[in-house]
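Asks: Chain A is fixed; fit chains B, C, D and E with the ligands onto it per the hints.
Each chain, written out:
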Amino acid sequence: MSFFNALLEHTFLQHALFGGLLASLACGVIGSFVVVRRIGYMAGGIAHAILGGMGIAYFLGQQPMSGALISALIAAVIISRVSRVSKHGHHQEDTIISALWAVGMSIGIIFIAKTPGYNVDLMSYLFGNVLMISANDLLLIGLLDGGVLLFTLIYFKQLLALCYDPEFAGLRGIRIEWLNTLLLCMVAITVVILIQIVGLILVIAMLTLPAATARLHATTMLGMMILATALGMMITSGGLLISYNYDLPTGATTALSSGILYLVAALIPQRRHAVK
Amino acid sequence: MSFFNALLEHTFLQHALFGGLLASLACGVIGSFVVVRRIGYMAGGIAHAILGGMGIAYFLGQQPMSGALISALIAAVIISRVSRVSKHGHHQEDTIISALWAVGMSIGIIFIAKTPGYNVDLMSYLFGNVLMISANDLLLIGLLDGGVLLFTLIYFKQLLALCYDPEFAGLRGIRIEWLNTLLLCMVAITVVILIQIVGLILVIAMLTLPAATARLHATTMLGMMILATALGMMITSGGLLISYNYDLPTGATTALSSGILYLVAALIPQRRHAVK
Amino acid sequence: QAQTTTLNIAVSVAPQKYLVQKLAGEHAKVRVMIKPGQSPTTWDPSPREMARFATTDLLFCIGVPFENIWLPRLQNNFPNLKVHDPRQQIALRPLHEHCHHNETHRAQVEPVNSTLDPHIWLDPLLNIQMAENMLHALVKLDPTHQQEYQQRFEQLRLELTQLHLEIEALLQPYQQHYFMVFHPSWGYFARRYHLQQMAIELSGKEPKGAKLAQITQQAQKNGITAIFIQTQFSQKAATTIANQIGAQVISLDPLAEDLPLMLRTTAQKLSCALEAPCPLSSH
Amino acid sequence: MPALITLKDVSFSYDDRPILDHVNLTINEHDFLGIVGPNGGGKSTLLKLILGLLTPSTGEISVFGKHPNQVRTRLGYVPQFATFDSAFPITVLDTVLQGRLGKTRSLLGYNKHDHAIAQRAMAETDVESLQKRAMTALSGGQRQRVLIARALACEPEILLLDEPTANIDPHHGESIYELLHRLHERITMILISHDVGFVSRSVTRVACLNRTLVCHATSPVDSDSINHLYSNPVSVIHHDTRLSLEDNL
Amino acid sequence: MPALITLKDVSFSYDDRPILDHVNLTINEHDFLGIVGPNGGGKSTLLKLILGLLTPSTGEISVFGKHPNQVRTRLGYVPQFATFDSAFPITVLDTVLQGRLGKTRSLLGYNKHDHAIAQRAMAETDVESLQKRAMTALSGGQRQRVLIARALACEPEILLLDEPTANIDPHHGESIYELLHRLHERITMILISHDVGFVSRSVTRVACLNRTLVCHATSPVDSDSINHLYSNPVSVIHHDTRLSLEDNL
Ligand SMILES: Nc1ncnc2c1ncn2[C@@H]1O[C@H](COP(=O)(O)OP(=O)(O)OP(=O)(O)O)[C@@H](O)[C@H]1O
Ligand SMILES: Nc1ncnc2c1ncn2[C@@H]1O[C@H](COP(=O)(O)OP(=O)(O)OP(=O)(O)O)[C@@H](O)[C@H]1O
Ligand SMILES: [Mg+2]
Ligand SMILES: [Mg+2]
Ligand SMILES: [Zn+2]
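Chains as they are written, first to last, in the working numbering: chain A, 1 to 276; chain B, 1 to 276; chain C, 1 to 283; chain D, 1 to 249; chain E, 1 to 249.
Chain A extracted, bound-state conformation:
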């Protein structure tokens, strides 16, 4: 059966397609910030850090996912707060994210060890699958898209200034700590929501790689966001098609395509004479 017939027939394929397209939008926009702020690490870090919140939630008899969301937000606040007071005003988020990765995961493990009758594989919450997107999930990604777009539209000029030159932005009266926290929370929410819907690998791939590929060719943030979204859409639908035709795992195929696309684009000599 050809892919297109299958698509007409199976709702799960339709959901996968729409889910991918919708996710591309959120990832293209948020991912552009992630790339210029050099926090590609964030997706992987948050994904592991939330184990702490999930462990605590489980210990308290709550929904693990609510724990995940809360701890992701806490992590975002900590990252923003620590990078603010760091010695030279430089953002060295990679270290703070490592710290949160270690702390979050450790807390999770300790709570698991100390919870009597513990029997949940918290890690399994990290692995959503793009082929198993429900209609509710589609709605959720749609809402995420809406939130991301609204946030970006309203604060675009401040966000741009924040990412470009935080010192100057602060001098122009922008409450940079607050905005930075908001931006990181946005990233954290995107990561948490998408992880359980499309899975960890795909989130890492989608959040950084289309935007990074776009950056190689865009000269403005806006251009980068649009190109990243378009690339993301191409990749997710292409990944679905390829994985269907060659009988491969969809998530992995999509992530692989985006990775290869980025690496190839980055390795192709730029038009200008490369700096040695």
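None of these hints come from the bench; they were simulated from the model.
Errors might be hidden in some of the hints.
List of simulated lysine to any residue pairs, SDA-like, C-alpha gap at most 20 Å [unchecked claim]:
1. K103/E - A87/E
2. K35/C - L60/A
3. K211/C - L216/A
4. K82/C - G63/C
5. K22/C - Q155/C
6. K66/D - L60/A
7. K132/D - D16/E
8. K114/A - E257/C
9. K114/A - A218/B
10. K211/C - T11/A
11. K132/D - L216/A
12. K132/E - M234/B
Replies: Leaving out everything else, chains B, C, D and E with the ligands in the frame of chain A:
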């Protein structure tokens, strides 16, 4: 039974203690490079990227760990090579590492999917535990320490120049691509070896956090390395002691301590007047 | 002096604890090595937990993948630790059977490294065999209480046989019916009671587009009304598939310590689910 | 005429190393203060204190009668070195537009008025023709001129410039001097420069800063006295104490 | 006297935007070439080409008769802007010592000789007293002087300086001029500067670069001709074509 009596009695505790101390040395030295080069991401990224190599090795009926090592080295070469040709000569390693994370893990998943039979849980090869260090493992960490120290001692001035100002280093006749590749390979080897001995969380924590904490107080690389090693030794032995006394998971306790140490150190106002 | 010693026994998974405790009674302290839901990533013992292996008299493994990695390391640190495999005389089945989605399957050679299904504790009768093997090991370890262990084993055998008959009766009407699971843990159970297990996850691998399409079609054809998932795992994916094929999601806990209760509950839930009207026409 | 900026007895040190020592300074409307002094004398530090980027160890700073942090948006600033990531994907126009932040509406994008002001600022520093270029694709002097345009786009009431003409060619340097001269009619300015010729031509007051500040007080310095001050420029600027300077006066 | 550097018909463009257009240049031993030109004229680009950091689109560059990449260590370079991470934990001394790379043994640390040379270089730019300080803790001009010291520590046969005195106070600027003057006896130098006064006083030849290069050829320029050249400095430097310059000469 007090910790010290237990230490005398149980070889596994002795191994854990020595293993921790030895690992602190390699992590203190390599971690300092990781922190100033802002590739804290590398540990997490490599850990996941090597699934690809393991998947292929498994598919070919080889030892997964050899696949892991080879793919880690390949990843290091790719990171170094891609960041070299990147448009502005700036190292944006975070994106390349994300790409490798996604690509590596995807390849792993695809190969596992294509390997007939039930998959072994490849991830489980990756996770060592500090309480299960064998005498052989100790030897291995010792060798790693020796290699790291030798490498750093011999090339210290070149490495420093490379990390500080690659353009100038290149102008001084240092083959920066080659040295950079060597450094990243060193990081990759350290990560792969230590992950299977002490586990992923602990590697992430040990590789970045003592060095990052040291950086807050050191003004030179050498001072940073020494301080990071000393902090690492304190943390690993302290973590073991605490986990014994309060009956907590050792790896998690140690990682948690180092994370908290870093976050507290980073949040304490510096002596100088903080830049707002 | 023998009366005062208690044996320290370690087991791989919780259901084994039930068997050992039944056999040894107050003579053994049994602890479970891997808590349900722990994965290699999150398994991180405390030093005291580890130290207990120094005084562990016997460890019963079961063949879960976890052991491949950790057992050798454990034995490395505790060279005197005795490990006993209670699976002798049990015909192990491969975890992945090829017969379910037969029409698309090319004749495939059974791969050499195909893993064997470790979930033997989900079949009451295999449990009897496992308990008997455990009995021998216990007796060898502590011959003074042979009599007592033997007696307790007979009792356990009775209890498990009883359980078997009960379940058999309950599931009798549904022979050759299909039930759908996420992870294929229930192979031995299905074999015993002549049911057909359909797994979404193929050999523990992420389902793929074309395969998933076949599985959903197959599921509808086979009149699947319920998908069983393991309480340890996130239910999201199963829920989505269940919605697709109009089935309900039922959570089972194959790692519960109270083995008879768990098997009984499973059988009841199964029979309920299989009882429901066939939803073939609804989709 | 009310004082726009007052520093009362301000001291500042980095890591216990004193940088500024009991500095007193009053700046009135329409002042054009030039600050000269040796490298490491604390000139940039002084500007950062006025901007509220650093907090004094002792003493008080008020700008428009308020704490510096409360009036930030009324000040324009050209830093000595750009603090941004030079590989950031952004055009010259977008960079200059950022000067409008704090003046324009806070939600959504920039409006026509902002664009008009940005265009004027770019025209004034002669970077109009570069406006579509990426910031990465600029030469050193071009970048410096964009930074000045960005500060002008703020429409500041006080403009703080930290060696604005470093890296700028004489022709453009000249036109920036002229520009500052024109602006001086409506904007109060503080200028740090090692360009003695320029300082002597343009400013109304000169302060010499080398840990302590010597300000050539309220009476506007006429061209003669400046020339006198700089008759032997090197020695004047390299005075190590108050005294040596006063000797020269 | 053999030519140390020859550029034959060198063109270069970024993204199809031509930056250098058929540039020909020969530099002999003991030349001290000053390059002036408007912002964006391509001066920094020219230096980068000579260093082998960029490759010409057409034309040929040889340094000591070889490809630039093969003789890098014989050249010293002071970039217009520091390319390093300003928060890097490193002291001034360690930074200057890096100039020794390529001259010293390749394994293990620096030896006594290296330290001696580094000390001398620091003395020459007056940053000796800062040598234990972290690079982060320097003012703009101090940092610039450290960069010059680092280039001097290379003991280069040719020294390329891209606006070395930007941000440097007149006193230190003066001493750097003197230093370059002294060095000129043994080192061939190319200097980019907007500091017309300095260029006119020190260099032996002047080149004007604005996409095309006009070199005031082999005869050493005496003070008079320089003065003539800069009698109306703005218009000279802002010449847009060969012609306008030649008009002025
Ligand atoms: N990385 C780059 N990508 C694209 N264009 C560039 C790049 N760097 C410089 N340019 C352009 O090349 C031209 C020459 O730049 P260059 O830096 O050589 O000028 P310059 O003569 O050194 O000027 P200045 O006196 O301002 O330092 C300028 O128009 C500049 O915009
Ligand atoms: N972040 C910092 N940490 C520690 N010391 C610093 C820091 N920044 C500057 N300093 C020191 O403070 C002193 C004053 O620096 P400042 O930048 O204010 O000098 P400046 O007058 O602007 O000099 P220049 O003309 O070179 O720009 C210098 O001695 C410098 O070394
Ligand atoms: Mg300054
Ligand atoms: Mg230049
Ligand atoms: Zn992981």
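Asks: Determine for every hint whether it applies to the structure shown.
Replies: Verification of the hints:
Using a Cα cut-off of 20 Å, the hinted pair K103/E and A87/E is violated, with the two alpha carbons roughly 27 Å apart. Pair hint K35/C plus L60/A holds up; C-alpha atoms about 18 Å apart against a cutoff of 20 Å. At roughly 37 Å between alpha-carbon atoms, K211/C and L216/A are farther apart than 20 Å, so this suggested pair is violated. Between K82/C and G63/C the CA atoms are separated by roughly 16 Å; this keeps the pair inside 20 Å, and the hint holds.
Restraint check: the Cα-Cα separation between K22/C and Q155/C comes to about 9 Å, which is no more than 20 Å; the hinted pair holds. Taking the CA atoms of K66/D and L60/A, the gap is near 49 Å; set against the 20 Å cutoff, the hint is violated. For a cut-off of 20 Å, the pair hint linking K132/D to D16/E stands: about 15 Å separates their Cα positions. Pair hint K114/A plus E257/C holds up; C-alpha atoms about 18 Å apart against a cutoff of 20 Å.
Simply put, K114/A and A218/B have alpha-carbon atoms about 38 Å apart, too far for the 20 Å limit, and the pair is violated. Distance hint between K211/C and T11/A is fulfilled; the C-alpha atoms sit about 14 Å from each other, no more than 20 Å. Restraint check for K132/D and L216/A: the C-alpha separation of about 17 Å stays at or below 20 Å, so the hint holds. Distance hint between K132/E and M234/B is unfulfilled; the C-alpha atoms sit about 29 Å from each other, more than 20 Å.
Consistency note: the structure conflicts with the earlier hints numbered 1, 3, 6, 9, 12.
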